[in-house]
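**Q** So the protein lines, in turn, are chains A and B.
For reference, each letter of the first sequence is one residue, going 55 to 134 in my numbering.
For reference, each letter of the second sequence is one residue, going -9 to 586 in my numbering.
If you are wondering where the hints come from, they were derived from the structure by calculation, not from laboratory data.
Here the structure is a predicted model, which is why all the values come from computation and not from measurement.
Do not rely on the hints blindly, as some may be mistaken.
[Claimed, not checked] Chain A stretches covered by chain B per the calculated footprint, using a threshold of three residues with CB under 8 angstroms from any CB of chain B: (1) 84 to 93; (2) 117 to 130.
[Stated by the list, open to error] From the derived model, a few chain A residues whose C-beta atoms are all more than 12 angstroms from chain B: (3) Lys61; (4) Ser65; (5) Glu67; (6) Asn107; (7) Val114.
From the three backbone atoms N, C-alpha and C, an ideal C-beta is built for every residue, glycine too.
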Amino acid sequence: MDISKHKNLDSLEPGQVGIIQKVAVDEALYQRLAALGFRAGKPVALIRRGSFNGPLQVRVGNTDIILRRSEAHRIKIKTS
Amino acid sequence: MKRIALLGMPNTGKSTFFNRVTGASARVGNWPGITVDLMRAKILLGGHIAELIDLPGIYDLHGFSDDEQVVRHFLTAAKVDLMMIVANSSQIDRQLSLALQLKSLGIPAMLLLNMSDEAKRAGIRINTKKMTEKLGVPVMQISAKYGDHCTDALKAASLLLDKASQEADPAEIQRQLEADINIEHEMEDIVQSTVEMPIQLGDALTSRIDKVLLHPWLGLPLFFAAMYGLFQFIFTLGKPLQDSIAWLLALIRTDALEPLLASTPAWVNGLLLDGIYNGLGTVAAFVPIIILFFLVMTMVEDSGYLSRAAFLVDALMAKMGLDGRGFVMVLMGFGCNVPALMGTRVMRSKNMRLLTMLVIPLSLCSARLQVFLFLTATLFTAQQAPLVLLALYLVSFATIFITATLFKGQYKNSEPFVLELPPYRFPTARQIWLRGWQEVRHFLNRASNFIVFGVILVWALTHIPFDVAPASDATLAGKIGHLFSGVFSPIGIDNQLVIALIFGFVAKEIVIGALAVIYGLQGDALMQLMAQKLDWVQGMSFMLFTLIYTPCLSTIITLKNEAKSWLFAGLSIIWSLALAWVVSFAFYQTARWLGL
C-alpha cells in the first residue's frame, strides 16, 4: 500500500523531511532554486518557520535557505 | 596584460580569495555599460602582469538577476583570458552546475574548491585529481580565509596563462550564453564519482546557535538588543574620535592657518578657511564613523547574522517592499546616514537597494539630534522636551514608512526572496580591517571633491557680497530666503531660519553654529533670543523641516555615488524637500487653526 502523501513544502512540520517532486515557480525563481539545490528527487527538510507568518528555513543538501511561504507553497513534495 | 575573471556563487568566499591574493592594492574599477562597482587589482603571476577582477556572485549563468546580467555583459564585452571559478567545497554537489556552465563558454578556466577547512571538518572528501580529469579543467582545494594553497592556485593560473594562446571567440561566448544547456546529468555524474559526503549534514554548532537566535519569541528581542549594542558601540566610540579630529582641525586653524593668512584679504581668508578647510573638515569627520561602521558590519555580515536578521524581520518588512538587510541599514541610519547608505551594497537587487537608499536619509541621525536637543531645550520645559524628541523619532519612522510605501511600486524588486543562511563563521581580523580601510578610501576618493565644492558654495551664498554682514539678509542666501518667503511663511519659518536651513545643507552639525552667526549671539544669549523670537509652534515646524529635508551634503554625494546617478540624488533631494514642506505645513497650519 502506498502511504506516501503529496503536499506542498509549506505544509511540512518543523523537523519533517520530504522529497521534492516538482518546483512549479516562474523561471527566474526556478533557476535560483535549482542552483541552490532544489531539484526533483532531492530531500528537503523544514527547519523552522518565522514568527508573524514570516519566511521558512529549509535545508536542501548542505545548504540552509530561507524563502517565503507563498513560494514554498508552489514546491510540491512527497512525504512517506 | 592578461585579464582574469573571478567567478562563483554568492557566499563562496570569492571576495575573501580576491583580498587574500591582492591585499590592499585593489581598486574599484568602472567598466563601460556596467552599473555596479567591480573590484580589480593588478597581480604578478609568473611572467605575466595580470588584472584580477572580482565579479559579483551569481547562481546561474543564464539567470535574470541584476548581477547575473552584469556577469554576462562582462564576459561578452571584456576579453577574459582566464576564469578562476570559486566554489564552496561543502556545497560542491550543487555548485558544480555553475562551473559546468562557465566551462562551456570556451574560455580557459580553473576551479577552486574553497573552504577546504570546513569541508574537512564536515567529513567531505573530494578527489580533485579525478575531478580535474572529468571536468577537463584544473581543480584544487584551497582555504582563502587561512591562505591554504592560495599560492599554488596562482601558480596553476600562471601555467594556464602560458598555455592559453587560443582566443575564445566572442561570438561563440554569446551563443553559449544564450543556449540553455542541460548540465544536471553531467553534474550528477561528476559528483557521484569524485565527492564523498557524510549522510548527516548541517553544522551542529550553527543549529544550536540558531535555536536561540532564531527562536520564535527570543529571536526578535535578541535582534533588537544586538542592533542597539552595535549602534552604541559605533557611535559612542565614534563621537570622541570625531570630536578629537574636530579639536585637532580647530587647533591647526587657530594656531597655524589663521596667523599665516592674517594679511590676506577677508574674502581670500574666508574662502580658504571657511570654504576649503571647513570642507576638508566635513569630510574628515566621517572617517572614524565609516571605519567603525564597516568593522562592525563586516562582522555582522561575514558571521552570517545579517541573513538571519532578514529571516527575523521579513514579515514586518515585506509589506514596505524592503527586506531585513535593508532594515538593518535603516536602523544604522539613525546613527549616521552616510555609512548606512554605503552598507546597502549587501543587497544585490538594484531596485530594492534604491528604495532602501531613498528612505535612509529620513532616519533621524545623530547630527540632527544635536539641533533638536538645542531647540527643545530652548523652546520647551524639561518635562516636555523628551516627549518632543520622541515625537520627532516617531515622525522619522512615519516618513520612512510613507516613502517606502509610496515608492515601492516604482522600485519593484525583481529578485526572488531566497537567501542562503550560511553557517556561523568568525571573520578574521585581516578581513575586517581590509574592509574598513577599503570603504574609507572609497568614500574619500569619490566624495571629498564634491563635499568640499558644496561647502565652498554654501560659504559663497552666505558671504557674498563681502561688504555686508555674513549670513545677513543682504547676502545671496538672504536674497534666496526673500525669494522663497512665499513658500516658507506658510510654515512659520522666517528669513533668518531659511538661511540656517541653507547652512544645514552642508551638515546639520553646523546649524546651531549658523544660528549663532545669524543672530550674532552664542550659548544662553542665543537661546534666550530664540525663545523670544520663536513660539513653540514655529520651532516645531522648523524642527520637522530640519528632520525631513536633505540631511547633509555628504549624504547626497554618497547617494549619487552608490546609485551612480545624479538623477536619483536629485529625486531624493526634491522628495525630501517636498515631504518636509508638506509635513511642516500640515503641522503649522493645524496648530494655528487650533489657536495654538
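**Q** Each hint should be assessed against the structure and marked as holding or not.
**A** Cross-check of the supplied hints:
1. 84 to 93: holds (count 8)
2. 117 to 130: With 7 residues close enough to chain B, the hint holds.
3. Lys61: Nearest chain B Cβ is 20 angstroms from A/Lys61, so the label holds.
4. Ser65: holds, 18 angstroms
5. Glu67: Given that every Cβ of chain B is farther than 12 angstroms from that of A/Glu67, nearest at about 14 angstroms, it holds.
6. Asn107: At roughly 6 angstroms from the nearest Cβ of chain B, A/Asn107 sits no farther out than 12 angstroms, so the non-interface label is violated.
7. Val114: violated, 8 angstroms
Hints 6, 7 from the earlier list are contradicted by this structure; the remaining hints agree with it.
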